[in-house]
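Fit chain to chain and form the complex, with the hints in mind.
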Amino acid sequence: MTLLSTRGLSKSFDGLQAVTDVSFEVAKGDIHALIGPNGAGKTTLVGMICGRVAPSAGQVIFDGQDITDLPAHRRIMLGMAYTFQITSIFRGLDVAENVALAARRRHPAPRVAEAVAKALRQVGLAPYSDETAGNLSYGHQRLLEIAMGLVQQPRLLILDEPTQGLSEGEIAGFKTLVRDLKSETTLLLIEHNMSVVMETADRVSVLNAGAILAEGTPAEIRANAAVQAAYLGTSDA
Amino acid sequence: MSASRVLVLHLGLLAGLFALQFVLPAYHHGNLARIMVLAAYAVGYNILFGYTGLLSLGHALFFAAGMYGMALMIQHGGASPAPALLAGVLAGAVVSGLLALLALRTTGVAFMIVTLMFAQAGYLTILYFAEWTRGDEGFVIQQAQRVLWGIDLSQPTARYFAAWALFSLVFLISLWLVRRPFGRTLIAIRENEERVRMLGYDTFAHKLGAMVISGTISAGAGAAYGLLFGYAGASFASVQYSIFPLLWVLLGGAGTVLGPFVGTLFMFYLIDLSSGITSAYMLIAGVVLVLLTLFAPQGLVGELRKRIFRGLP
Numbered sequence: 009m010t011l012l013s014t015r016g017l018s019k020s021f022d023g024l025q026a027v028t029d030v031s032f033e034v035a036k037g038d039i040h041a042l043i044g045p046n047g048a049g050k051t052t053l054v055g056m057i058c059g060r061v062a063p064s065a066g067q068v069i070f071d072g073q074d075i076t077d078l079p080a081h082r083r084i085m086l087g088m089a090y091t092f093q094i095t096s097i098f099r100g101l102d103v104a105e106n107v108a109l110a111a112r113r114r115h116p117a118p119r120v121a122e123a124v125a126k127a128l129r130q131v132g133l134a135p136y137s138d139e140t141a142g143n144l145s146y147g148h149q150r151l152l153e154i155a156m157g158l159v160q161q162p163r164l165l166i167l168d169e170p171t172q173g174l175s176e177g178e179i180a181g182f183k184t185l186v187r188d189l190k191s192e193t194t195l196l197l198i199e200h201n202m203s204v205v206m207e208t209a210d211r212v213s214v215l216n217a218g219a220i221l222a223e224g225t226p227a228e229i230r231a232n233a234a235v236q237a238a239y240l241g242t243s244d245a
Numbered sequence: 003m004s005a006s007r008v009l010v011l012h013l014g015l016l017a018g019l020f021a022l023q024f025v026l027p028a029y030h031h032g033n034l035a036r037i038m039v040l041a042a043y044a045v046g047y048n049i050l051f052g053y054t055g056l057l058s059l060g061h062a063l064f065f066a067a068g069m070y071g072m073a074l075m076i077q078h079g080g081a082s083p084a085p086a087l088l089a090g091v092l093a094g095a096v097v098s099g100l101l102a103l104l105a106l107r108t109t110g111v112a113f114m115i116v117t118l119m120f121a122q123a124g125y126l127t128i129l130y131f132a133e134w135t136r137g138d139e140g141f142v143i144q145q146a147q148r149v150l151w152g153i154d155l156s157q158p159t160a161r162y163f164a165a166w167a168l169f170s171l172v173f174l175i176s177l178w179l180v181r182r183p184f185g186r187t188l189i190a191i192r193e194n195e196e197r198v199r200m201l202g203y204d205t206f207a208h209k210l211g212a213m214v215i216s217g218t219i220s221a222g223a224g225a226a227y228g229l230l231f232g233y234a235g236a237s238f239a240s241v242q243y244s245i246f247p248l249l250w251v252l253l254g255g256a257g258t259v260l261g262p263f264v265g266t267l268f269m270f271y272l273i274d275l276s277s278g279i280t281s282a283y284m285l286i287a288g289v290v291l292v293l294l295t296l297f298a299p300q301g302l303v304g305e306l307r308k309r310i311f312r313g314l315p
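Sequence lines, in order, name chains S and E.
Sequential numbering from 9 applies to the first sequence in the working numbering.
Sequential numbering from 3 applies to the second sequence in the working numbering.
Note that these hints are calculated values from the structure, not bench results.
Treat the hints loosely; a few may be bogus.
As the list claims (entries may be wrong) - Listed below are several chain S residues computed to face chain E (Cβ distance under 7 Å; list not exhaustive): (1) H81; (2) I84; (3) G87; (4) Y90; (5) Q93; (6) I94; (7) F98; (8) G100; (9) L109; (10) A110; (11) R112; (12) R211.
Said to hold, decoys possible - Covered stretches of chain E, going by a simulated chain S footprint (3 or more residues, C-beta under 8 Å): (13) 122-134; (14) 200-214.
All residues carry an ideal CB built from backbone N, CA and C; glycine is no exception.
Bound conformation, chain E alone (with noise of 0.2 Å):
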């Protein structure tokens, strides 16, 4: 596939989300901007599993930096959505890097459990201080703090709109980041890590570049997630948090930048659809992802790009 059908068909997404907003009934436009900025939490996760190879059961605790990072900001520093916003995406930085110099240590399964058990500490961080964060019960983010630059984010034009901007960068810089070498080289670590230490690339500084980079967006996404939809709590930084993106990635496919997108908008509208229809909406939902694991193992854009669009990104 050559380079400018690349371009085109990834900008031709952007530009359809961003036209729907004038046409989708109410109901569906909320729903497009939250799976926007969990898609972005997709997208950052991506990074980590679907290029680079590296599974980590632990995410939750960068989407919780993120969101925690703005709304403490805000709740008990009196601060504006702008820096606060920084705020998370900092955290979100250094938490990743911090836990990256530990984890990249191991790889595989020993991988998945130390951020599985890195994570679940965070979770009982946030319960513990709960004079701060209010632990489970979390705490809502008043619409008055929720205004960046003028605009009011609590007003659903305004919410879809800066969902949008924030999955149209995060969505670019992915689908730049794994054309230039230095993500060509995270896929050559997925694909052969010992292969290209032999080539004279120091892969742990790699590796470490790339679970920086995933856990900075999925903060990123976490603090939007926040201010947008004004609450933080404890239940984002739960494993279940950590298990969403990957299904997400799975489903979208893995390694593909259009998968985290399709993913999180298949698995929302999947649950949706089948909640209208019994209140065993977990059992069609279940049967669907058994189905789609059977048959399309590599994730519906994955297939894609094995039937139709070689070349893919």
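Looking at chain S on its own, in the form it has when it is part of the complex (with noise of 0.2 Å):
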């Protein structure tokens, strides 16, 4: 079943074309992949997704209601869930209420603490809960992210870029957790690293000069010949 879909979307900044005619679909459940080179349009994409963009043109359809004219804010509260791909977190408040701001659009107030303590227990950072976010790392900065997200229970969670920047080892544990993510969630995973891609995606879409160049299963990514030449071939991922 589709949870979500664009149709013919578009974007031109000014005239340059960023976003050329996407349609593409993900299917609840699914942890969907997309990928492409620097530039391609992903984020742009994304953001049309999300409401961080108006589209110049086409329609972005999330359960069957079209959400093409709704605010960003009113797009979160029907269930999607964005963490930035530079890290943008309140970086002057402690960790726990950056989780809890999150939690209160979704929560009812007496079980706010109790859905951030999970949270922050899902991606390992329960230790930290008191420390003010702007004083942890960067990769546990980027795990807070995505308890941001995951605390409001969204039925799309978005992620983008989310192992920019992390470690060899951080990024193992982040596999680890996107899987246990896949029984509760469905994912939309921009995503550099073909590791993670690899291992962890049902399906893939290509991205590449912002119209869609192939989708598939990862399987079916790595052996397309267009891929190959557009991306994987010329990329150093």
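Written out as structure tokens, the structure is:
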């Protein structure tokens, strides 16, 4: 069953065509990876899905409802959660309050503390809950972002390059976390790290120069000649 | 800092201020009444600036809306003080709501300029309708018109108590608000508005709410100031009165509940004491302010929070 789909989604910035006529679907319960070289339009595409960027043309349909004209905060309330590519946390507030801000929109007041503790345990940040968020290491800040997404119990969790800047050990932990999440939510994963994509994703969409180049299982994508030429062959990944 | 210690500290200030009226000499007694009303204004300003992170340069508009909303009701409407005060507070709520709808379409420097311009327009409006407002000269509210529920507010003791009651009310509202989910969301907006939006919050509605609460409290202070000190004049709508609360809050500690009072008290006595030493008192005041911004950039209470009372609201 389809949870999210886009129809003919396009975006141009002052004549620069960033995303052209993208139609793709994310099935409920899948881990769906969106890959593509730098500048392929991944973040713009996801920005249109979650409402940060207004599309020039096309539609976004979430759970059967056309949400193209909804402001971002309304889309979040429908059950989307978004974590930023560039770490975007409340640096001056403590870790628990960061997650609590995310939790309060979803949980009744008496259950917020419990939900926060659970999300922090899931990502392994429970020992740091009283720490000021800005004092966390970079890797832990990325995990905090993910906890802020998780605590909302989203139906669709959008992770924008979650492993960027993480160490090998942290990436291994992230893969385990993502596989655990599969039972709870649908994931749309924008990712540069090929090992993460190949080992976790159910389906992969490849974006190149603003358009969908290929779509399939990780194995199919790996074998696709066009993808190899456009992306894997020229990338350092 | 635990919730109970926070409460003890804040209620302690109110209890101390209440007790002071019995021991202070007349001069300082009068000063403190004035400071408490002005500090109430600063508390209102702090909601928007300190907690929500929106720097307004037009709060004199709200202060004056309260003052004139009250004073014109008494002077021309023949109202008694209670409904007049209410009219002042309502005027502030309406004016801040309307200005918020316009100004919140902008952010940063543009927000400062838009609020400044509307406040100037308000100031000029008061001058333009001089027939009613008496313009720059202003008008005195007679002693007989300042009797609230049988209490003569021109008497020092009654005036002190009224100022204390007003300050206590807005101080406790501020303490309550910033610990509620709504207030915590405002703090989060100050820290990172885009992130708050992407957590599903309507940040515009939150900022609108903050500005109306801030403007309404400021108007309440303006209305009380006019009533307690018996005068309404256009100078209270001038840009100077928009800058004052910014200074008080910065000095005392933006985004702290205690900061507005501490800053107002400090600034008042800084000018009072230095003007006793030299006619160039603004020079002394200026040097002290520069030193404070150098060595206590988060304000007096802000520094305390950083060094001693971590977790102070």
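Can we keep the I94/S interface hint, with Cβ of chain E closer than 7 Å? At about 11 Å, which exceeds the 7 Å cut-off, the nearest Cβ of chain E leaves the hint on I94/S violated.
Return the status of the interface hint for H81/S: holds when the least beta-carbon distance to chain E is below 7 Å, violated otherwise. Holds, because the Cβ-Cβ distance from H81/S to chain E comes to roughly 5 Å (cut-off 7 Å).
Quick check on the hint: R112/S CB to chain E CB, less than 7 Å? R112/S check passes; min Cβ-Cβ to chain E is 5 Å, inside 7 Å.
Identify whether the interface hint at Q93/S stands, where standing means a beta carbon of chain E within less than 7 Å of its own. violated, 12 Å
Closer than 7 Å between Cβ atoms is the bar; does G100/S clear it against chain E? Give me holds or violated. Because about 5 Å separates G100/S from the closest Cβ in chain E, which is inside the 7 Å limit, the hint holds.
A closest beta-carbon separation below 7 Å is what the hint needs, so does F98/S meet it against chain E? This interface hint holds because 4 Å falls under the 7 Å limit.
Hint check: 7 Å Cβ-Cβ cutoff, A110/S to chain E: With a closest approach of 5 Å, the A110/S hint holds.
Interface hint outcome for L109/S [beta carbon to chain E under 7 Å]: Nearest chain E Cβ about 5 Å off; hint holds.
Closest C-beta approach of R211/S to chain E relative to 7 Å, hint status: R211/S check fails; min Cβ-Cβ to chain E is 25 Å, beyond 7 Å.
Is the interface hint satisfied for I84/S? The criterion is a beta-carbon contact with chain E at less than 7 Å. At about 3 Å, which falls below the 7 Å cut-off, the nearest Cβ of chain E leaves the hint on I84/S intact, so it holds.
Check whether three or more residues of the stretch 122-134 of chain E sit with their beta carbon closer than 8 Å to a beta carbon of chain S. Not satisfied, violated; 0 residues make the cut.
Agreement of hint Y90/S with chain E interface, Cβ distance less than 7 Å: At 5 Å from the nearest chain E Cβ, Y90/S passes the 7 Å test, so the hint holds.
Checked against the numbered hints given earlier, the structure breaks hints 3, 5, 6, 12 and 13 and satisfies all the rest.
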